Amino acid sequence: MADIVIDRVSKHFGDFHALQEVSLNVGDGEFVALLGPSGCGKTTLLRIIAGLETQSSGRIVIGGRDVSALSPRERGLAMVFQNYAVFPHMTVFENVAFGLRMKKVPDAEVKRQVERAAALLHIEPYLDRYPAKLSGGQRQRVAVARALAVQPAVLLMDEPLSNLDALLRLEMRTELKAVLREAGTTTIYVTHDQTEAMGLADRIAVMYGGKIDQIDTPLSVYAAPTTRFVGGFIGNPPMNFIKVKAESGTVRIGPVSFVAPAGGLDLDLGLRGEDAHLSGDGSGLPFDVRVVEPMGSHLLLTGSIEGQAARIVAPPTATVRAGERVGLTVDPSRLTWIDTSTGRALARPQDSTR
Amino acid sequence: MPTRANWIPYALIAPSVVFLGALFIVPLVQTIWLSFSSDDGTLLGNYARMAGDLNFSVAIRNTFMLTLVVVPLQVALAIGMALMISKVGKGRDLILWVFTIPLGISDLAAGLAWLAILQNSGYLNSALYGLGLIQGQTGWLSQETPVTLFIGIVLAEVWRATAIVLVIVIAGLQLIPKEFSEAAEIFGAKPWTRFCKITLPLLKPSLQSALILRTVLAFEVFAVVYALGGTNFPVLAGEAYNWQNINQNYGVAAAYAVLIMAISIAATVFYLRVLRVRPEQLP
Numbered sequence: 000m001a002d003i004v005i006d007r008v009s010k011h012f013g014d015f016h017a018l019q020e021v022s023l024n025v026g027d028g029e030f031v032a033l034l035g036p037s038g039c040g041k042t043t044l045l046r047i048i049a050g051l052e053t054q055s056s057g058r059i060v061i062g063g064r065d066v067s068a069l070s071p072r073e074r075g076l077a078m079v080f081q082n083y084a085v086f087p088h089m090t091v092f093e094n095v096a097f098g099l100r101m102k103k104v105p106d107a108e109v110k111r112q113v114e115r116a117a118a119l120l121h122i123e124p125y126l127d128r129y130p131a132k133l134s135g136g137q138r139q140r141v142a143v144a145r146a147l148a149v150q151p152a153v154l155l156m157d158e159p160l161s162n163l164d165a166l167l168r169l170e171m172r173t174e175l176k177a178v179l180r181e182a183g184t185t186t187i188y189v190t191h192d193q194t195e196a197m198g199l200a201d202r203i204a205v206m207y208g209g210k211i212d213q214i215d216t217p218l219s220v221y222a223a224p225t226t227r228f229v230g231g232f233i234g235n236p237p238m239n240f241i242k243v244k245a246e247s248g249t250v251r252i253g254p255v256s257f258v259a260p261a262g263g264l265d266l267d268l269g270l271r272g273e274d275a276h277l278s279g280d281g282s283g284l285p286f287d288v289r290v291v292e293p294m295g296s297h298l299l300l301t302g303s304i305e306g307q308a309a310r311i312v313a314p315p316t317a318t319v320r321a322g323e324r325v326g327l328t329v330d331p332s333r334l335t336w337i338d339t340s341t342g343r344a345l346a347r348p349q350d351s352t353r
Numbered sequence: 000m001p002t003r004a005n006w007i008p009y010a011l012i013a014p015s016v017v018f019l020g021a022l023f024i025v026p027l028v029q030t031i032w033l034s035f036s037s038d039d040g041t042l043l044g045n046y047a048r049m050a051g052d053l054n055f056s057v058a059i060r061n062t063f064m065l066t067l068v069v070v071p072l073q074v075a076l077a078i079g080m081a082l083m084i085s086k087v088g089k090g091r092d093l094i095l096w097v098f099t100i101p102l103g104i105s106d107l108a109a110g111l112a113w114l115a116i117l118q119n120s121g122y123l124n125s126a127l128y129g130l131g132l133i134q135g136q137t138g139w140l141s142q143e144t145p146v147t148l149f150i151g152i153v154l155a156e157v158w159r160a161t162a163i164v165l166v167i168v169i170a171g172l173q174l175i176p177k178e179f180s181e182a183a184e185i186f187g188a189k190p191w192t193r194f195c196k197i198t199l200p201l202l203k204p205s206l207q208s209a210l211i212l213r214t215v216l217a218f219e220v221f222a223v224v225y226a227l228g229g230t231n232f233p234v235l236a237g238e239a240y241n242w243q244n245i246n247q248n249y250g251v252a253a254a255y256a257v258l259i260m261a262i263s264i265a266a267t268v269f270y271l272r273v274l275r276v277r278p279e280q281l282p
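Those protein sequence lines, which keep their order, are chains E and W.
Under numbering that gives the first Met the number 0, the residue at position 247 of the first sequence is numbered 246, and the numbers go up by one with no gaps.
Under numbering that gives the first Met the number 0, the residue at position 170 of the second sequence is numbered 169, and the numbers go up by one with no gaps.
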């Protein structure tokens with residue numbers, strides 16, 4: 000097993016800076032998701048860790064060994080590709096056995112390892128078949144089994160579930176988590192799907208514009224985003240941002256006032272739709288409801304607070320009609336304060352009620 | 000869809016079918032007919048005369064030797080060139096363009112270009128003389144120097160027709176997603192192993208097309224040989240030409256033509272069977 004140290008890695012393609020001094024430590028056996036929109040540099044970072052791409056500067060250290068200049072096969076890792084990259088001219092057995100064959104492992108041991116990996120991913124019935132005869136989900140299982148068969152110290156996954164349909168994706172996600180926890184493999188997982196990252200990862204590195212904006216546990220990334228981007232990217236619906244001004248240490252929205260955080264006068268107040276509750280008596284933040292969407296598990300209310308667009312999640316039994324003005328109560332300790340000029344979060348004020 | 004438009008596809012391909020029928024199938028049938036209608040009235044008279052000719056076994060040997068040397072050389076070179084080109088970023092199109100220039104030259108012109116290099120007063124001798132490596136004019140293409148004549152013809156053929164294999168192989172390489180090679184690399188395959196275990200098997204359909212095309216054309220080799228070797232290096236197509244135009248014996252010429260066709264078909268069937276890609280192994 001091995002830990003991974005990514006030390007100030009940069010990558011330029013001509014004038015384009017795909018990665019800007021990215022640093023990230025992944026602990027032994029940890030599962031870290033690289034999450035971000037397309038073009039944020041997450042796949043480039045993964046390919047640099049794999050050795051398929053060369054960094055412009057910086058170091059990659061795996062298990063205490065500087066692998067920056069080594070070829071992929073010398074780095075002792077395995078990878079699952081977005082489009083599976085299962086070899087079409089080999090049987091499933093030979094695909095899963097590929098890494099072991101390359102290490103010249105004796106036949107009996109190859110058979111044992113392949114059967115173990117196949118059992119983990121429930122592909123034993125297909126070992127004699129060619130990949131063209133398999134469904135997308137089955138091919139993805141073959142790709143994962145091929146990676147696990149070599150018992151890698153480090154497993155890299157590049158959007159492994161994005162080519163599957165929604166139902167299969169959910170099933171594979173659950174199974175992947177169970178299998179990888181059992182294997183105890185250090186895993187870096189690239190995805191643009193926040194539910195995948197939240198569900199699978201021990202920690203999430205949210206990437207944007209070639210930088211890591213925030214590295215933290217799924218719950219912290221969700222509850223306490225460190226930048227406006229992270230707040231807006233994670234969560235469904237995304238975090239609401241309401242532009243406010245701090246005056247003598249106070250922020251006033253309608254009849255409600257909050258203690259302003261230190262530093263910055265122009266602020267974005269970040270409010271999760273799930274953290275606002277209908278007050279019942281109309282007190283609290285005034286929210287003008289424009290559209291009500293019953294989603295089954297909840298009501299999605301779209302409207303505005305002080306003329307600024309916001310989405311609020313209400314219980315499914317709430318009786319709210321479009322055009323109505325309702326009051327929202329919020330817990331100040333669950334608010335996020337962003338300095339508008341920097342886009343970065345400010346520390347929450349300690350004593351937050353007034 | 001309405002059924003009234005059913006005739007349109009047929010109408011659209013009719014001109015090419017008529018064209019091929021008139022200019023390919025009719026002459027083909029006539030040639031086969033001609034090859035079996037001998038002056039002495041026997042069915043195989045022309046073939047007996049062909050096989051009894053002094054040049055026949057020489058032409059067979061020369062044609063097969065040329066094919067067995069030229070085609071593998073061309074395929075190996077083309078794969079090497081294609082793999083190099085696929086690694087090139089900037090200037091790729093320029094290199095490809097230069098590599099394929101010989102495709103634009105007729106085979107007789109190619110033969111004459113190499114004649115200008117290799118003949119007694121050619122560029123090769125001038126260069127060697129200038130370097131002091133030879134004393135005077137040296138013959139490379141005469142009856143007395145069969146080895147250099149053979150090498151000269153091989154060089155000219157390789158120069159002239161490798162590009163068509165190259166084009167097919169490059170197209171084939173582009174069909175192989177780079178993830179296959181990357182996955183193999185991640186799982187520990189060295190470059191040569193990646194080439195043998197991944198690239199080559201996945202390139203099989205393209206290689207099959209290239210081999211069929213080149214082998215069939217190699218058995219028909221004529222103009223380059225004629226320009227460089229004249230009658231010193233008999234080949235099958237050259238013999239057909241001689242019987243037709245010099246001996247004015249169309250029957251034996253037709254027998255040669257049918258023989259070349261039979262060999263070509265046999266080679267094609269061989270490649271189709273040996274390099275068969277089972278449908279379930281396609282990407």
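The set of hints was computed from the structure by calculation and includes no laboratory data.
In this text the structure is predicted, and so the values were computed from the model without any measurement.
Don't take every hint at face value.
Lysine to any residue pairs mimicking SDA-like chemistry, simulated, CA-CA at most 25 Å apart [claimed, not checked]:
#1 W/K89 x E/K244
#2 E/K102 x W/R193
#3 W/K203 x E/G283
#4 E/K102 x W/K89
#5 W/K189 x E/G135
#6 W/K189 x E/T42
#7 W/K196 x E/H16
#8 E/K132 x W/K86
#9 W/K86 x E/R128
#10 W/K203 x E/T42
#11 W/K203 x E/H16
#12 W/K177 x E/V258
Q) Between E/K102 and W/R193, is the straight-line Cα distance small enough, at 25 Å or below? A) Distance of about 14 Å is within 25 Å: holds.
Q) Quick one, are E/K132 and W/K86 close enough, alpha carbons at most 25 Å? A) violated, 32 Å
(Q) Holds or violated: W/K86 and E/R128, Cα atoms, limit 25 Å. (A) Roughly 33 Å between the alpha carbons, so the hint for W/K86 and E/R128 is violated.
(Q) Can you confirm whether the C-alpha distance between W/K203 and E/T42 stays at or below 25 Å? (A) Judged against 25 Å, a Cα distance of about 31 Å means the pair is violated.
Q: Would you check the hint for W/K203 and E/G283, treating anything up to 25 Å between C-alpha atoms as holding?
A: With a Cα-Cα distance of about 72 Å, the restraint between W/K203 and E/G283 is violated, given a limit of 25 Å.
Q. Holds or violated: W/K203 with E/H16, Cα cutoff 25 Å?
A. Violated, at about 39 Å.
Q. Is it true that the CA of E/K102 sits at most 25 Å from the CA of W/K89?
A. At roughly 36 Å apart (the allowed maximum being 25 Å), W/K89 and E/K102 break the hint.
Q.
Check the hint pairing W/K177 with E/V258 against an upper bound of 25 Å on the C-alpha distance.
A. violated, 56 Å
**Q.** Restraint status (C-alpha distance of W/K189 to E/G135 at most 25 Å)
**A.** Not satisfied, since the Cα-Cα distance of roughly 28 Å exceeds 25 Å.
**Q.** Hinted pair W/K89 and E/K244, Cα distance within 25 Å
**A.** violated, 53 Å
Q. Going straight from one Cα to the other, do W/K196 and E/H16 come out at no more than 25 Å?
A. violated, 36 Å
Q) Regarding the pair W/K189 and E/T42, is the alpha-carbon distance no greater than 25 Å? A) holds, 24 Å
Of the numbered hints given earlier, the model fails hints 1, 3, 4, 5, 7, 8, 9, 10, 11 and 12; all others are met.
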